[in-house]
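Undergrad: Protein chains in written order, with my numbering: chain A, 184 to 470; chain B, 269 to 967.
Treat the hints with caution; some may be incorrect.
Said to hold, decoys possible - Example chain B residues on the side facing chain A (calculated, C-beta under 8 Å, incomplete): (1) R372; (2) E373; (3) Y376; (4) T837; (5) Q889; (6) D894; (7) K896.
Said to hold, decoys possible - Result set (PhoX-like, lysine-lysine): computed pairs, CA atoms no more than 20 Å apart in a straight line: (8) A:K464 / A:K448; (9) B:K964 / A:K448; (10) B:K652 / B:K541; (11) B:K514 / B:K450; (12) B:K278 / B:K714; (13) B:K714 / B:K400; (14) B:K656 / A:K218; (15) A:K191 / A:K273; (16) A:K456 / B:K964; (17) B:K714 / B:K786; (18) B:K681 / A:K456; (19) B:K656 / B:K675.
Bear in mind the hints are in silico, worked out from the structure with no lab data behind them.
Just so you know, these numbers come straight off a predicted model, no measurement behind them.
C-beta atoms are modelled at their ideal positions from N, C-alpha and C, and glycine is treated no differently.
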Amino acid sequence: MVDAYRPKTLAEALKIRNETDCLPIAGGTDLMVQKARGTGLGPGFEKPLLFVGHLPELHRIEKKEGYIHIGPAVLLSELLHNPLISDTFKKAVALMASPPSRNLATLGGNICNASPAGDTLPFLYAADAELLLENHEFERRIAIEDFITGPKQTDLKPDELLTDIIIPDINFPVTYYKKVGQRRGMSLTKASFHGLADVLDGYVEDLRMAFGSVAPTVVRSRDIENSLIGESVNSLKNRYQEILELYEPLIQPIDDARSSAMYRKNVCFNILKDFLNYLEKNQGDII
Amino acid sequence: MKMTISKSIKRTDAREKIRGEAQYIGDMAFDNPLYLKTVRSTRPHAKILDIRLPDLPENCFIIDKSHIPGKNRMRTVVSDHPILAEDEVLYIGQPILLVAGPSRELVYQISEKIRIDYEDLPAVFTLEESEKQNCVFTEYSFSKGEPDTAFAQAARIIEDEYRTGLQEHVYLEPQGMAAEVKDDTVFVYGSMQCPFYAEGALTEALGRPADKIRVIQTTTGGAFGGKEEFPSLTACHTAIAALATKHPVILIYDRDEDIICSTKRHPAIIRYKAGLDDNNRVTVLDMDLLYDAGAYTGLSPVVLQRGIFSATNVYNFHHLKVRGRNFQTHTVPSGAFRGFGAPQSVFGTEMLMHNIAITLGLDPLEFKMKHILKQGDPSCTGGKIHDKVILPELVERALDLSDYRQKIQKKKKFTGVGISLFLHGCGFTGNGEQTIKGKIILRKSKDRVVLKVSSVEMGQGADTTLRKIVAHTLDLPIEKVTCEIRDTGLVPDSGPTVASRTIMIVGGLLKTAADEMKSRWNDTEDFEISKVYHHPGFLTWDNDTFQGNAYPTYSWGVNVAEVAIDPVTYDIHIEKVTGVYDVGRAIDERALRGQMEGGIAQGAGWATLEVMKSKEGRLVQHNLTDYKVPTSMDVPEIICDFMDNPYEFGPFGAKCAGELPMTGAPPAVAAAISNALGIPLNEIPVTPEMLMELEKHED
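Work the whole structure out from these sequences, hints included.
TA: Following this line, the structure appears as structure tokens:
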């Protein structure tokens, strides 16, 4: 048996976090599976649990000064029904797991779980999401790519909690999302891609490309993106091979029970090519 | 006027299942039960050198081979599987010991502390390696006509090889069993298809007569063949533990454990050599079927027999040579699975016919139609097809319903249409029915009737349809006809619930008994009628030479599958499957539709999504996160239709149904994918990964 805490306020939760080596748990959709031991047996948690999913402070979606703030305990299904959440992000969320899981799983859980296959991550990387981390005394704001340090690894300190997810409220005229799963529903991602772009008069004003599930963490290269900003969409499409070579060293998938490294890599390049074609075709439709 | 038997009625088990009132094995309560956990081999092939046990808390027990009162072998066709390992293990997951204790937590902790020392022995992991080392369990062969002469005269010879993969049953309810001893009788309860198989295994393992054993089937959450022979093992485990500990014991598997250790569909390699004449007709076929039986023989000989007796599918090749072999590998034993060896060989033959046609630039359907069996033709084993074959009518209906001709002409790149023709031999293979001699009892008490059979309800609708046959015959409301629980102490052995035999064979006996009961209805208030199966006299079968009627009759089907391939990801979207079937006559159309839709989903899953590989004897996909079966989002639109072709010896003309759709969908789907990309396919599951490789190769 392990202890479990169910604080009433965030302050109380941070105090427990400061005093106890504990494991924060919100929806538990991944943790319960990771720690499952078998029929009729409780899960095998080694540390006391700190329940945070119910805390009202972590449970809001609001717009403030050009940013959308999402509480980490917000459920995936709530994201789908909130008008402040962009349609392209909703598209990624809607393909995650199953309705029952989405009614339990939280956005903060998906981030802190730090799986390379985490389905909300490519969007959050592409959208320049930042995270607010608090302990009982201080808070710090950190870019998501600095927070997630490896598969299942984050920069969360033992006394900290993730308390806010902050996304710039920018509307990208061109959005593209592709999830490659083993099947259409209830499937872990073999590879995914979230592309966001702003195109003016045929020239790329802003461009974000994030690849999921094909490296230890989400792949996004600001250097490559910056080198392409200012180009015409036509030339981007024609420079496909060159762009692909730029990403080549970054995309390092693994062979596992769900797919092969070779497939993942090839499919990433196909998606990239498809995105560049899409960019060319759809730039004119957007005002 | 009496309503037709085919008109659907409400399923008799629906209400209690939907309301959560049905009692599955996990819902049963016992006084002071002990929980069991199985300690399994972690090595694919090894000698057990030493077993080190922790100190046992009070009321905890370790059960090993020394506690087995009778013979340490699980009785199947070939009883080579030890109930608990002796000094050697042959696969990862093989049961070695059982831990019993008053709580699951305690049992889990003890089993974690058990240490087993092994000496690894050389192991064989693949069919190819096993073939090289000639590790053959079983070998059969038969022939027809003069194949050697026909090959010598052939205008063209085509050789090809086909492969099918492992498949996991994924029944909704994992394996579970419980046992208790009362008044010197061992009671075993559990989720199973064949209570008398378990009883048979228990008589040998416990060394006690059948009248001291009662096997009682609890509500069973699906089976698909996965609960045919496997529960004999868990029945023995619980019974031995109950005798050794003098407590009721409960053994329920987790899903992961279930996947690791339970039987799977046999992976197969099928090699073909086809001889064609000047008119592009296949005149002679030489087939070599290799089935991976896994570590122990079990049911594999019979699975292989159905595989080879279904090997020519719906076609009449005048000259034929068939060889089938079961190979041993150090992997989890293969066993019964819906279709029982036929889906593998039918896939190979259907795809061979498809691929020969496209190689020759012919239309696959026209090519296939030139070869189909007709009434009066000999089957592959030389038994005369005595019933009317309405395959051309089934094909026409399927083409109309699916708009096949239009679709195949107007197809675009990355979309495809494929057609499969298929059959299923009804009832047991060879002389199985004559050996088993299924028996039923129909009992009238006042105005009610109880039917007593060992054929189980396992989600397929058997209780509804069997009751319906009796109620319809006697003109009684279905509520007046009930089924006795499947308790070997209360019902006769009507045979196992396998081989799509329940309606045709057992339902047939019930129909005969009900007819007789009707004629005597007013004689007395209470009486009983018993019937035993007799094989129709005009059928012939020689089990030594494999000549004659391997099956009394066949059910037939046609599938048209439509697919779209994503050009970016190579994801396969099966968009629609049209199925037209001759199952004689439908006993209940909705129940049958459930079978057909489920079978299509299962067949399409095996053909595309369901990748299961083993690496050095260890399953790579060993949970439902990695092993994918279709969800409702993956199941295509299904159009399903039946054409009546009543069978003289089936109840109301019914033949077999349950396994038929499992056989039909895979070749239709594979042919559609082949059509979409313009490439031949020789292997299932077809995955996006495979298609990407094939396309790159084509480029």
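Undergrad: Run every hint past the structure and note whether it holds.
TA: Evaluated hints:
A hinted interface residue such as R372 of chain B counts as satisfied when its beta carbon comes closer than 8 Å to some beta carbon of chain A; here the least separation is about 4 Å, so the hint holds. Annotation: interface hint on E373 of chain B holds; nearest CB of chain A at approximately 6 Å, less than 8 Å. Evaluation of the Y376 of chain B hint against chain A yields a held restraint, the C-beta minimum of about 6 Å falling below 8 Å. This hint holds: T837 of chain B has a C-beta 5 Å from the nearest C-beta of chain A, less than the 8 Å allowed.
Given the 8 Å rule on beta carbons, the hint for Q889 of chain B holds: about 5 Å separates it from the nearest Cβ of chain A. With 8 Å as the threshold, the beta carbon of D894 of chain B comes within range of chain A, its nearest partner Cβ sitting at about 4 Å, so the hint holds. Checking K896 of chain B against chain A by beta carbon gives a least distance of about 5 Å; that is within 8 Å, so the hint holds. Of the pairs offered as hints, the one joining K464 of chain A and K448 of chain A is violated, with about 24 Å between alpha carbons and a cut-off of 20 Å exceeded.
A C-alpha spacing of about 14 Å is found between K964 of chain B and K448 of chain A, which places the hinted pair at or below 20 Å, so the restraint holds. For the given pair, K652 of chain B sits about 25 Å from K541 of chain B by alpha-carbon distance, which is inconsistent with the 20 Å threshold. Under the criterion of a C-alpha separation no larger than 20 Å, the hint pairing K514 of chain B with K450 of chain B is consistent with the structure, at around 10 Å. Note on K278 of chain B and K714 of chain B: the hinted pairing is violated, with a Cα-Cα distance of about 25 Å set against a maximum of 20 Å.
Distance restraint check for K714 of chain B and K400 of chain B: the Cα-Cα separation of roughly 66 Å exceeds the 20 Å cut-off, and the hinted pair is therefore not satisfied. A hinted pair counts as satisfied when its Cα atoms are at most 20 Å apart, and K656 of chain B with K218 of chain A does not qualify at roughly 59 Å. With a C-alpha separation of about 30 Å, the suggested pair K191 of chain A and K273 of chain A falls outside the 20 Å cut-off, and the hint is violated. For the hint pairing K456 of chain A with K964 of chain B, the CA-to-CA distance comes to about 16 Å; that is within 20 Å, so the pair holds.
Pair hint K714 of chain B plus K786 of chain B holds up; C-alpha atoms about 13 Å apart against a cutoff of 20 Å. Distance check on the hinted pair: K681 of chain B and K456 of chain A sit about 19 Å apart at the alpha-carbon level, within 20 Å; holds. Distance restraint check for K656 of chain B and K675 of chain B: the Cα-Cα separation of roughly 30 Å exceeds the 20 Å cut-off, and the hinted pair is therefore not satisfied.
Checked against the numbered hints listed earlier, the structure breaks hints 8, 10, 12, 13, 14, 15, 19; every other hint is satisfied.
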